[in-house]
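*Asks:* Protein chains in written order, with the numbering used here: chain A, 266 to 627; chain B, 266 to 627; chain C, 266 to 627; chain D, 266 to 627.
Keep in mind that the hints were calculated from the coordinates and are not lab data. All figures in this text were calculated on a predicted structure; none of them were measured in a lab. All residues carry an ideal CB built from backbone N, CA and C; glycine is no exception. Accuracy of the hints is not assured; some may be wrong.
Partner residues are not named here, just some residues of chain C that face chain A (Cβ under 10 Å, in silico) [as the list claims (entries may be wrong)]:
#1 Gln-294
#2 Gly-320
#3 Leu-321
#4 Glu-323
#5 Gly-326
#6 Lys-369
#7 Asp-412
#8 Met-425
#9 Thr-557
#10 Trp-562
#11 Arg-566
#12 Gly-588
#13 Gln-614
#14 Leu-619
#15 Gly-620
There are 4 protein chains.
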Amino acid sequence: MKRLAILTGGGDAPGLNAVLRAAVKTAVQVYGCEILGVRNGYDGFIEPGGIVPLGLKEVRGILPRGGTILGTANRGNPFARKVEQDGEEQVIDVSDQVVSAIKKLKVDGVIVVGGDGSLRIAQEFYEKGVPVVGVPKTIDNDIGGTDVTFGFDTAVNIAMEAIDRLHTTAESHHRVMVLELMGWDAGFIALHAGISGGADVILIPEIPFTWQAIVDKILDRVRRGTYFSIVVVSEGARPRDGGLVYRQAGDEIYAPRLGGIGQQVADTLQIDTGLETRVTVLGHLQRGGSPTAFDRWLCSRYGAAAVRLAAEEKYGRMVALQGTEVVDTGLQEALVVPKRVNLESDAVQTARDLGISFGDAG
Amino acid sequence: MKRLAILTGGGDAPGLNAVLRAAVKTAVQVYGCEILGVRNGYDGFIEPGGIVPLGLKEVRGILPRGGTILGTANRGNPFARKVEQDGEEQVIDVSDQVVSAIKKLKVDGVIVVGGDGSLRIAQEFYEKGVPVVGVPKTIDNDIGGTDVTFGFDTAVNIAMEAIDRLHTTAESHHRVMVLELMGWDAGFIALHAGISGGADVILIPEIPFTWQAIVDKILDRVRRGTYFSIVVVSEGARPRDGGLVYRQAGDEIYAPRLGGIGQQVADTLQIDTGLETRVTVLGHLQRGGSPTAFDRWLCSRYGAAAVRLAAEEKYGRMVALQGTEVVDTGLQEALVVPKRVNLESDAVQTARDLGISFGDAG
Amino acid sequence: MKRLAILTGGGDAPGLNAVLRAAVKTAVQVYGCEILGVRNGYDGFIEPGGIVPLGLKEVRGILPRGGTILGTANRGNPFARKVEQDGEEQVIDVSDQVVSAIKKLKVDGVIVVGGDGSLRIAQEFYEKGVPVVGVPKTIDNDIGGTDVTFGFDTAVNIAMEAIDRLHTTAESHHRVMVLELMGWDAGFIALHAGISGGADVILIPEIPFTWQAIVDKILDRVRRGTYFSIVVVSEGARPRDGGLVYRQAGDEIYAPRLGGIGQQVADTLQIDTGLETRVTVLGHLQRGGSPTAFDRWLCSRYGAAAVRLAAEEKYGRMVALQGTEVVDTGLQEALVVPKRVNLESDAVQTARDLGISFGDAG
Amino acid sequence: MKRLAILTGGGDAPGLNAVLRAAVKTAVQVYGCEILGVRNGYDGFIEPGGIVPLGLKEVRGILPRGGTILGTANRGNPFARKVEQDGEEQVIDVSDQVVSAIKKLKVDGVIVVGGDGSLRIAQEFYEKGVPVVGVPKTIDNDIGGTDVTFGFDTAVNIAMEAIDRLHTTAESHHRVMVLELMGWDAGFIALHAGISGGADVILIPEIPFTWQAIVDKILDRVRRGTYFSIVVVSEGARPRDGGLVYRQAGDEIYAPRLGGIGQQVADTLQIDTGLETRVTVLGHLQRGGSPTAFDRWLCSRYGAAAVRLAAEEKYGRMVALQGTEVVDTGLQEALVVPKRVNLESDAVQTARDLGISFGDAG
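Given the sequences, and given the hints that come with them, work out the whole structure.
*Replies:* Here it is as structure tokens:
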């Protein structure tokens, strides 16, 4: 193995730099191998200045830093790139250009650090003959084949600290505090942060909720003398009856303010419980900043393992955590069934045992 | 001095419990004085169960905790309370009831821990003969007569940490990150957090901005090769030309999404700079959680000093920090001129020297 | 199941309160079962006031707090208690007293939250007929049968943050910074924190080190132009040649200052590398404070699962994490082989690949 | 003003980089002035490679980082440098060499960022004709002429967080926890952190303590049913009767373990109170890591103000905070009376009112 390339794709996630550092150190120190950084995702292969050599010097001091020194701002999927031509939007396929550029670089392997989207593209390139190795990144934790993706632990800790902060105000001021967290398809962040932060209601995409159930939960707490509640909502959570956008209260019809589901939940709870309600949308705060110990640890192992995989020419595979061991799994298999919260797991059962409502009872 | 009462009013601020603890410890240990807690602001005086004795046991362990053990959820200004009678909203004055209740409690003094609103009410009660002592609380730092209010240092640190998190994502992903912070009338939080976090643009209520100036600043950075920017906005910041709610871009008219000024700034910058822009509204996260060392230190001194003021029968006064000393100042004088960011201060000059734009040039 | 007892034993670990809260909520809300708190470990069974009923009220607000509301200060192993009689120390066995007290309480099960020591005692009581269920707690992570114990993730994060702090000073001031961490028998904290914090040398009990190897590593860095190093040491790490307490440098014999292994490593490195060296002993800071999200999450699941185990009358068993699931395992099997760092694991391999020295080469 | 030099001297303090960044930005952007970085304190003037140009690029991204990009590892006071000649240690004066090197650089001013030691040297150079401007840095806060030095607020927050961590263990385990903090001559860190963290005993250099007084305080708490205590000790605190190194307990003489005053306090309390006692020495953890908002804010203002002072040719002066304004003060005046904790201040009175013992009563 003489030369590797590595790229980071998709949304930001704490730990990207830690993967790069471990990969570079392992490639250089263990295998005496050159490693090229590809800037801004797959685009770097075909853009001027898109390839930068990575040495020990380039990765010095980046372990604790969020973001990625390679950047990920790109123009989208090379197999289906939207471009404007003659004033109209068209979709073109530049993947052959990328493949040809990769060939010219004479790399033995390409390490792709990315989420669901970037890894699917990696798999497509693999099928076109590119020797790829995947590293599963996403704060949402929704990739199969691994116990956990990196970035998730940091995101959950940030979300939990937000709940801790909201808790004291909620309690002192008798408020319902709604916190919207990331998670379009999978509710892991909301589930973990909600349990860790002591939420009363957790709404996740995997469990369609009813408005009545969450109102009942809040009012039940009031009846027991507790005048505040913490409601954690995945951005992808939806009511079972999806149509409920305009709501009636007394004689009047209220149009909820535009905004995400968090805002809608807050508006509804304010009207239907009569309690003062506030919403916070944590947004990009979940993606940035210094990674937790677990994420730095996992990323260091992932980065080193990815280089080892390449050295063993195990292409089309992805590094993964299973129990306490970093192993590898087929990229395709990992992507076939996206990971979702298992409703039969002890984790969900624990939430119910603690009295947390998922909005699905009644 | 045989008996004191203490209440906490208005929005949440980190350090309320630290004030209560210090006041109770000082009253009991130094003066052998009884101290009564008034629940939910001034309402506690006239509601059943609104008065609770506070002893050493009640304040044990509360120093590091956000919120207030007394609660502050109340029904508003006793001099102008909105009530519903016969289906119509009316404004009534219950202040005499409060005064009479206070007299029955036979307290030597009433310590009011609150912001601008609560302290103004305290002054009104003082003018009606109630022996009040004030403690200036507000995360906005907009009360005169004191170098700083408590809660502010914690809020600024939380806001700065948010900027730190956004920074890495902004840089990796070539984004404009807009962060809306608290501050309706005074821009202290945005100014301090913006400088501490390394913001590129800071918009505050004291300096009306122009859309053009902030667009220019962002584009100027792009011309120098920096494809990201951090924009910090006080919730009370406003464009000089206030009417710019609907904006034109090319042939089309865009209606910015509803939402606060942060959202409007983000929408405008996205359209006018062509850069991907994201907004985060920090909201109540600035009000909760464990206070910083400075706030706990200040609150401990404020709480003890307030009891000393009462012991010296210095009513109608407020504790205040001047330089390194806690002193006292007239409540009325403190409220007469609300504190605003001093545009001639070295702090604002420093921001300009660092290259930060307030949106007022051009 | 009508009545349970729960106790916390041994050293402090972040998450004890989270286990108690989850156990109480599950017992009361799901099983309608009474649950008794046993104060100060097994002692509470036989001391006046040692049994306190735990209800929803008692566990309110304790999720984010370190320590344990039950206390763990006790007088040691009931099977071999050291007492002073007639001026002499004697060892007595009070276990029958404990068993008899437990019988009188008419509890269906006793949940023991503890580390290696407390769980071994639990096993002994189980063999005497007490229906015990174990919950594995130790910041050292040295209990078998489970992927991880609770308290460990928090300890590792605290240790990593300490390394982050030392890093900047080491780099600016050209210093060798030695950080002594907990871990008498197992080096997990040092290994995880060392990798996460970017240490250059990690010394753990599982790998006896040579003084020469660590000196060589530091000097090798100097030769490459890096005048600082971070050395992380488990308190139980030992040199291969254990006798090296007094050391010779030139013509003189130096007696290292008394103190732990961290101090000895620092003294030796200062003498043998000529670089300024400082030692920090993190000590109890690793045991206290608010648990991380992972620990709160794990503890909540452990607490609920322990009650379920009791409800199913699965006594003599311990809750455990395997992969992403909380399961149960035999208490005796878990204790038979204490967990140690697996020298063949990818984690240790990763450390070596990153260039970290364990002091075992040369 | 065409050219400035800037150096950082002495121990590490959070915020050094923030000062450098602000000074460079102000010099370059406002005054179009060149600014030279001097590496490793005054040594950089006379060592090869000791002068590096600082531009906007060099200070990018350093605002949140601890340490100093210029380094401070140096060989001591240029006016009295210890060197080894012919096997013997001699003291030589290299200050003329430094002065001459500074002249050759043709700088209009030299900004010295340092503590008491570095600023005294700056004053000596000023007296030799070097146009110096001082910036007061020290985590100990013991420099006169300014309300506060930078680095102090961060150190106090780190120390307070340590107390928070120790608190829960102390309480759960009935322990006396002793925390040794920095402060040889001034007890500000211990005083502020002790009050903010809720300590029971605070020992500072300004108040010689008696062993009996602190034992009494701990035992008094035990009598009131509180079996734990938090004792915060400045490293420079000393007993009134300084000779008490060996102590008698019953018939035996105990030699306290070697170690700092923290260890001695812990040993004594363990023997004399019979309670389990643990000591933690926070050491360099107080010096490193990312600065708090206050320190970043202050450093940014200090850095900009120092450049302004130089532009106005106000040499021999030091930037300072007075109230809310950054002003300047004579370097010599500032150094004449080192700042100590004012025993008559409301801060010390507050500590006493809260029931904290300084070990001086009885």
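*Asks:* Can we keep the Gln-614(C) interface hint, with Cβ of chain A closer than 10 Å?
*Replies:* holds (7 Å)
*Asks:* When the nearest CB of chain A is found for Gln-294(C), is that gap smaller than 10 Å?
*Replies:* Holds: closest Cβ of chain A sits about 5 Å from Gln-294(C), inside 10 Å.
*Asks:* Per the CB criterion, is Asp-412(C) less than 10 Å away from chain A?
*Replies:* With Cβ-Cβ at 5 Å, under 10 Å, it holds.
*Asks:* Given a cut of 10 Å on the nearest C-beta pair, is the interface hint for Gly-620(C) held or broken against chain A?
*Replies:* holds (5 Å)
*Asks:* Does Trp-562(C) pass the interface check with chain A, least Cβ-Cβ distance below 10 Å?
*Replies:* Interface hint status for Trp-562(C): holds (5 Å vs cutoff 10 Å).
*Asks:* Does the nearest C-beta of chain A fall within a distance shorter than 10 Å of the C-beta of Arg-566(C)?
*Replies:* At 5 Å from the nearest chain A Cβ, Arg-566(C) passes the 10 Å test, so the hint holds.
*Asks:* Min Cβ distance, Leu-619(C) to chain A: is it shorter than 10 Å?
*Replies:* Leu-619(C) check passes; min Cβ-Cβ to chain A is 5 Å, inside 10 Å.
*Asks:* At a threshold of 10 Å, is the proposed contact between Leu-321(C) and chain A supported by beta-carbon distances?
*Replies:* At about 9 Å, which falls below the 10 Å cut-off, the nearest Cβ of chain A leaves the hint on Leu-321(C) intact, so it holds.
*Asks:* Tell me if the interface restraint on Gly-588(C) is satisfied: Cβ within less than 10 Å of some Cβ in chain A.
*Replies:* With a minimum Cβ separation of about 5 Å from chain A (threshold 10 Å), the hint on Gly-588(C) holds.
*Asks:* Under 10 Å is the threshold here; is the Cβ of Gly-320(C) close enough to any Cβ of chain A for the hint to stand?
*Replies:* violated (13 Å)
*Asks:* Under 10 Å is the threshold here; is the Cβ of Glu-323(C) close enough to any Cβ of chain A for the hint to stand?
*Replies:* violated (15 Å)
*Asks:* So, Met-425(C) near chain A? Judge it on the closest CB pair being under 10 Å.
*Replies:* holds (4 Å)
Taken one by one, the earlier hints fail for this structure at numbers 2, 4, 6, listed in ascending order.
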